[in-house]
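Below, each chain spelled out in residue letters.
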Amino acid sequence: MATETTLPIAPPRPAFAVDPRIVWGVGLIILVAPLFLAESYQLFQLTLAAIYAIAILGLNLVTGYNGQISLGHGAFYAAGAYVAAIMMDKLNLPYWSTLPAAAVLCGLLGYGIGLPALRLGGLYLALTTFSLAVAVPQILKYKGIEAWTGGVQGVLVTKPDAPFGLPLNSDQYLYLFTILVALGIFLLARNLMASRIGRAIMAIRDHGLAAEAMGMDIASLKTSTFAVSAMITGVAGALSAIAVEFVSPDSFQVPLSITLFVGMVVGGVASIIGGVFGGLFVVFMPNVAEGISKAAPGVIYGCILIAFLFVLPGGVAGLLRRLAARLRR
Amino acid sequence: MLTRRTLLVASAAALAAPRIGHAADLTGVTADEIKIGNIMPYSGPASAYGVIGKLQQVFFKAINDAGGFQGRRLNFVTYDDGYSPPKTVEQTRRLVEQDKVSFLFNTLGTPTNSAIHRYVNQRKVPHLFLSTGADKWGDPQNFPWTIGWQPSYRTEAQIYTKYMLEQDRNAKLALLYQNDDFGKDYVAGVRDVLGSRFDAVVKTVSHEVTDATIDSQIVQLHGTGSTALLTATTPKFAAQTIRKVHDIGWRPAMHFLTNVSISVAAVMNPAGPEKGVGIITSAYLKDPTDPAWNDDAGMKEWRDWMKAHMPEADQSDGNYVFSYGVSKTMMRVLTQCNGDFSRENIMKQATSLSGLEVPSLINGIKVNTSSTNYHPIRQMQLAKWDGKTFDRFGGLIEGANV
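Same order as they appear, the protein sequences are chains A and B. For any residue, its number in this note's numbering is found by taking its place in the first sequence, counting from 1, and adding 17. Just so we're aligned: 325 in this note's numbering is position 338 of the second sequence, and the numbers increase by one with no gaps anywhere.
Don't take each hint at face value.
Said to hold, decoys possible - The calculated lysine to aspartate or glutamate pairs, modelled on DMTMM-like cross-linking and capped at a C-alpha distance of 25 angstroms, are:
hint, chain 1, residue 1, chain 2, residue 2
1, B, K111, A, E163
2, B, K22, A, E56
3, B, K87, B, D19
4, B, K48, B, D86
5, A, K107, B, D126
6, A, K160, B, D19
7, B, K123, A, E56
8, A, K311, B, D86
9, B, K190, A, E163
10, A, K160, B, D179
11, B, K87, B, D52
12, B, K87, A, D178
13, A, K176, B, D52
Said to hold, decoys possible - Some, not all, of what chain A presents toward chain B, calculated at C-beta under 8 angstroms:
hint, residue
14, S57
15, L65
16, K158
17, Q170
18, S257
19, D267
20, K311
21, G315
Stated by the list, open to error - Computed beta-carbon distance windows for the label pairs:
hint, chain 1, residue 1, chain 2, residue 2, range
22, B, G342, A, P177, 46 to 54 angstroms
23, B, Q85, A, P177, 20 to 28 angstroms
24, B, S203, A, C320, 38 to 46 angstroms
25, B, S329, A, R338, 52 to 60 angstroms
26, A, V328, B, N256, 40 to 48 angstroms
Simulated from the structure, these hints should not be mistaken for lab results. Ideal Cβ positions, reconstructed from N, Cα and C, are used throughout, including at glycine.
Next comes chain B alone, as it looks inside the complex (with noise of 0.2 angstroms):
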């Protein structure tokens, strides 16, 4: 009897059947294959950073030739957007609803992630491990689907502030800061640390990413008479106060500057490596020229990966260790995660890291995570420059609770 009463019923509860199904969110899993989604400036003003992703790619095609993983592949597709927030929420987009990956992971940028944000949160997608240090990608409360990986600048200012007060309780704190994100991570952190002090220990400045030069902020800083400095700025100005602070004849007794901007040749060397010596700076990851690790079981591992996989690729480049770390981190999840590949269970064990050790981390520093902990890498060493190199001193310290 087909009557039109019976269709409609029959068409209800065609509709309704795939809710009553929908307890475990299997999307981009098959028997075979697990879709992984990932974005990238490989072109743009960031794509220095491009160099991660392509790791990744080949890192997860080593596990696919290699038969890969429980006997599925994994599937990583990459899209580039450019750093441009608009394109990143249609490459999401497209990732998302046409590709139907399982999850999101390692995904790149603080403004670029930040247009995402609440998209993937509110279609309930894993957004694992994101390459930005920003601090609010750890906020289960409300964005339970979303965790970053590296210590957010915010746990890298608390270091710093931790270490100050260690050496001096009554140091007076310059700080300059970028006027974004970044910066004002590093506000945040010295704030969590010196609480209702803060505004009798601390003169901050900021600057814009794109003014010409910050001299007239090192000036005024100076003029504020304070014992030390914390630097919290991209590497081209980094070199432009390193230099300022030692020509105006500043000698702070701690001048802390952001591991952002340590690189040797954008920002030592154009600065005058004899001007920068004595800054102290902190590190999570092995640096790939630290003699120091040559004997390392964890580089050694790195390095046979690289030369096995990727010999043509230049492994003075810290942005392969990072990349190698993160995603050994994200194959422990799915290893955890013991056949159960919904998108509930990735983001339960994704947040269930107990004491993992990776071999590009400091050895020690532990990734840890919990439903309430979503601040993987909470610990760091610092390091001092003393004219050639960052010379890592002193035990791990670890960020502040908050």
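In isolation and in its complexed conformation, chain A is listed as follows (with noise of 0.2 angstroms):
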């Protein structure tokens, strides 16, 4: 046994490979440019594209990788949302303090809604997590919470300004800020998916039967993967409330939910870059839809859709690995 572990198992160097550190340098430049060369309104949509990138990364945690279907992720969205836009307008606490307590309670809230949830299966689940993004819009009109939420007239909020003496006007700052914490929170969910528990969550969907047989406690694992992914998407609500001052039960309506599972399907569904493809889609192509027929932008953006799923069926991150496996032929 010992003499096997020495042995030097390197995967077979492929022909073709990128130096990594080549990849991100280029990865930074492409994320910094826009500071410098884009105006305010497009990094505020750049910002709105990161923000719903990782939403986009906390859906397919669940969907994607550990194949449970949620149709309700944009009622964690809200949650996180809320909880910046009361932290910071009624009890006056710095904007960065409400990304973690998004994270804490989101997480909390979707440990608590995966612990019954999950034992129902596929569609069940589906309709499950449904229900909560119908809920959602009405639980934050309620009466009794009405002196937190604002009611029906929701919370308006006020950006930050940079700190430090930076030279960068609020939208700059947001831009980065809103970078760099979807860096951090990418980068934490490849590790998560390159590790032990990440194969786990991977052998859960792919043959659960097996998975409990060697096993795997299927139910936590679930119940923590879903807590997780709550997380992820609760501070990109957070981070959206900051961007767009603004939250109300009309911001966080049913098709915010199916707008990430479509940026999930688009960008590429299991992969963590997904993402960023599936925040950009979401974000730029209604407009260009918009921009193509305003009679009837609905029909276009399904056009585009539909177009989208032909050609790329495993999304845009499954073309580029299709790319990348080419070169390396």
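Hints in hand, dock the two standalone chains.
Spelled out as structure tokens, the structure:
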């Protein structure tokens, strides 16, 4: 046994490989360039795309990697947004403190909901989570918590200015802040999925019975995955409240959950980087559709979506994977 | 001598210079163009209102085709927000920061406009004649750059309450309202008129927009022994209310119904037209299906315009009448600007309308604004359902002064 482990079992080195330092360098330049090149409005759009990317990543953990269909992640996004708005507007706490708070609360919320809900499989879980998305806008209007949530009027918050005298306006700073948070979360998620736990999460998706036979605690793993997923989406929600500077029940209607789902499928199911493309898609594609036709933007959006699914069955991330595979050959 | 100091001074001067000449904000206005921004729900749950924006696209194009307005082209830039507030913020920033429009005109929806209310006021962008009946757009002290157009729901409720007290000083009112901005404005309007008597006179019950039925609420209100009923809810629930009130044998002496929910096709017929006989509502626009307006000059102007520019459009859709009226009001403001299209002056003129008559409005209703009155239309006429149509009756009633 001992000799076996000392054997070099490196994976066969591909003929085509890019130095990871180059990938990182190019990636950073692409992320930072808009700070200097884009106008405030475009930065705002990119900030939104980054926020959606985080939310979609959260959904992807539970749906893409763990195989649990959730149509209710808009609810966690809303919860995170309200945590941020209430903390900033009612309690006068700094914006950055809202992110860990949203993460903890949404994590607990996800755990609480996941505990009973994940006993339901497949389509039943999809419906349960969907009902969550339907219920949340109404709960937010509930009279008893109106002093905090502002009821139907919602809550207005104020975007932070750049700290430490950084020569950035608030849009530039928020973009930078969001990108840093996103980078952190994406790295954590990548490491999680590459770990032993990550492999277990995927094993449950691929063959639950086999995973159980190998001694994995399926229920507990599923619930934890759901909690982590809700946590990540909640952080995205908190960021969205800071960026949009307004939350109201109407901001988080059912279509939001579907939007996240669409972003996940277009970006690439079970892909970390897919969230980025999903985020860009859900922010920019409706505007493209509208540019083509004001009479029926929904039809155009639908057509683009169908075309995407035909041309890129594995999402954008799937295309990149195939391209990389071809280059290596 | 190009020293570091002169460079610094020069650049500081260059930075300061635009500020000096910034007395009048002429963003969006050039020698041959005025850029107007607009946001509509062309998609999503409120897309039926998209026709308002469609008429406006044609309206401004028609003016441009006829040579423009005082030699300038009116460039109407309109975007879709799908009735989602975060999208409204995005589209508003696109209009203000990227397209650099002069002002926003007739943006639609209460939650959507709420999301941009503070932003446009911080940026001092005129936010004119919104397509929403919420009362909060008339708040010149806190939001001097935002002004509504249509009578607010609150004004409407004041009018019903005034009429109710005129008919019966001791009336007791049951108030069914939808638990949102829209419904709560009616509660506020009734309170404006009744003041301290509110609690003694009114029993309120609310429902959620997502409720399946409001049967239990009706039974509850019936049990209060009220003699009048005010139904402040959206069409689906209005139809349910009319039916349920009739079916449980409740015959309130007066049943007021918000004019949001008076569609014959969507409310009165599904409820059963005979069940709603006697229901009272209010109107400020001319109803295109009301034969009484057949020979009216204002409606004739509108019909001719529709025939000439939108022949394929459904002329029974009241949204076109609304859109035409609000667009005409906008043109009056631009005319009153008298060539000075700075944002300050546009806002000043929008709040200096006096006795303006608009072809879409019931004859006698006048548009009035001032630096303290941000409620352009404050008069309405009541109308009673006779089983087939709403017949207008009585004179114009004006909202309470609060």
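Do the hints match the structure? See the list:
1. With a C-alpha separation of about 30 angstroms, the suggested pairing of B/K111 with A/E163 is violated against the 25 angstroms cut-off.
2. At roughly 20 angstroms between alpha-carbon atoms, B/K22 and A/E56 fall within 25 angstroms of each other, so this suggested pair holds.
3. Between B/K87 and B/D19, the direct Cα distance comes to roughly 15 angstroms. Compliance with the 25 angstroms bound is thereby established for this hinted pair.
4. The suggested pairing of B/K48 with B/D86 holds, with an alpha-carbon distance near 18 angstroms, which does not exceed 25 angstroms.
5. Pair hint A/K107 plus B/D126 holds up; C-alpha atoms about 23 angstroms apart against a cutoff of 25 angstroms.
6. Between A/K160 and B/D19 the alpha-carbon distance is near 52 angstroms, which puts this suggested pair outside the 25 angstroms criterion.
7. Under the criterion of a C-alpha separation no larger than 25 angstroms, the hint pairing B/K123 with A/E56 is inconsistent with the structure, at around 32 angstroms.
8. A threshold of 25 angstroms between alpha carbons decides the hint, and for A/K311 with B/D86 the separation of about 17 angstroms falls inside it, so the pair holds.
9. Distance hint between B/K190 and A/E163 is fulfilled; the C-alpha atoms sit about 21 angstroms from each other, no more than 25 angstroms.
10. Of the supplied pair hints, the one linking A/K160 and B/D179 holds, its CA atoms being roughly 22 angstroms apart against a limit of 25 angstroms.
11. With a C-alpha separation of about 23 angstroms, the suggested pairing of B/K87 with B/D52 holds against the 25 angstroms cut-off.
12. For the given pair, B/K87 sits about 23 angstroms from A/D178 by alpha-carbon distance, which is consistent with the 25 angstroms threshold.
13. A threshold of 25 angstroms between alpha carbons decides the hint, and for A/K176 with B/D52 the separation of about 43 angstroms lies outside it, so the pair is violated.
14. For A/S57, the suggested interface contact is upheld, since its CB lies about 5 angstroms from the closest CB of chain B, less than 8 angstroms.
15. With a cut of 8 angstroms, the hint placing A/L65 at the interface with chain B holds, because the nearest CB-to-CB distance is about 7 angstroms.
16. At its closest, the beta carbon of A/K158 sits 6 angstroms from a beta carbon of chain B; the interface hint therefore holds under the 8 angstroms criterion.
17. With 8 angstroms as the threshold, the beta carbon of A/Q170 comes within range of chain B, its nearest partner Cβ sitting at about 7 angstroms, so the hint holds.
18. Using the Cβ-Cβ criterion of 8 angstroms, the hint placing A/S257 at the interface with chain B is satisfied: the shortest such distance is roughly 7 angstroms.
19. With 8 angstroms as the threshold, the beta carbon of A/D267 comes within range of chain B, its nearest partner Cβ sitting at about 4 angstroms, so the hint holds.
20. Interface hint at A/K311: satisfied, since its Cβ lies 6 angstroms from the closest Cβ of chain B, which is below the 8 angstroms cut-off.
21. The restraint placing A/G315 at the interface with chain B holds, with a minimum CB-CB distance near 4 angstroms, inside the 8 angstroms limit.
22. Here the CB-CB span from B/G342 to A/P177 is close to 47 angstroms, well matched to the stated 46 to 54 angstroms.
23. Under the hint 20 to 28 angstroms, the C-beta atoms of B/Q85 and A/P177, about 23 angstroms apart, fit the expected range.
24. The given range of 38 to 46 angstroms is respected by B/S203 and A/C320, whose C-beta atoms sit roughly 44 angstroms from each other.
25. B/S329 and A/R338 have their C-beta atoms about 56 angstroms apart, which keeps the hinted 52 to 60 angstroms range intact.
26. Judged by the Cβ atoms, the range 40 to 48 angstroms given for A/V328 and B/N256 holds: they are separated by roughly 47 angstroms.
Violated hints, listed in ascending order, are 1, 6, 7 and 13; each of the other numbered hints is respected by the structure.
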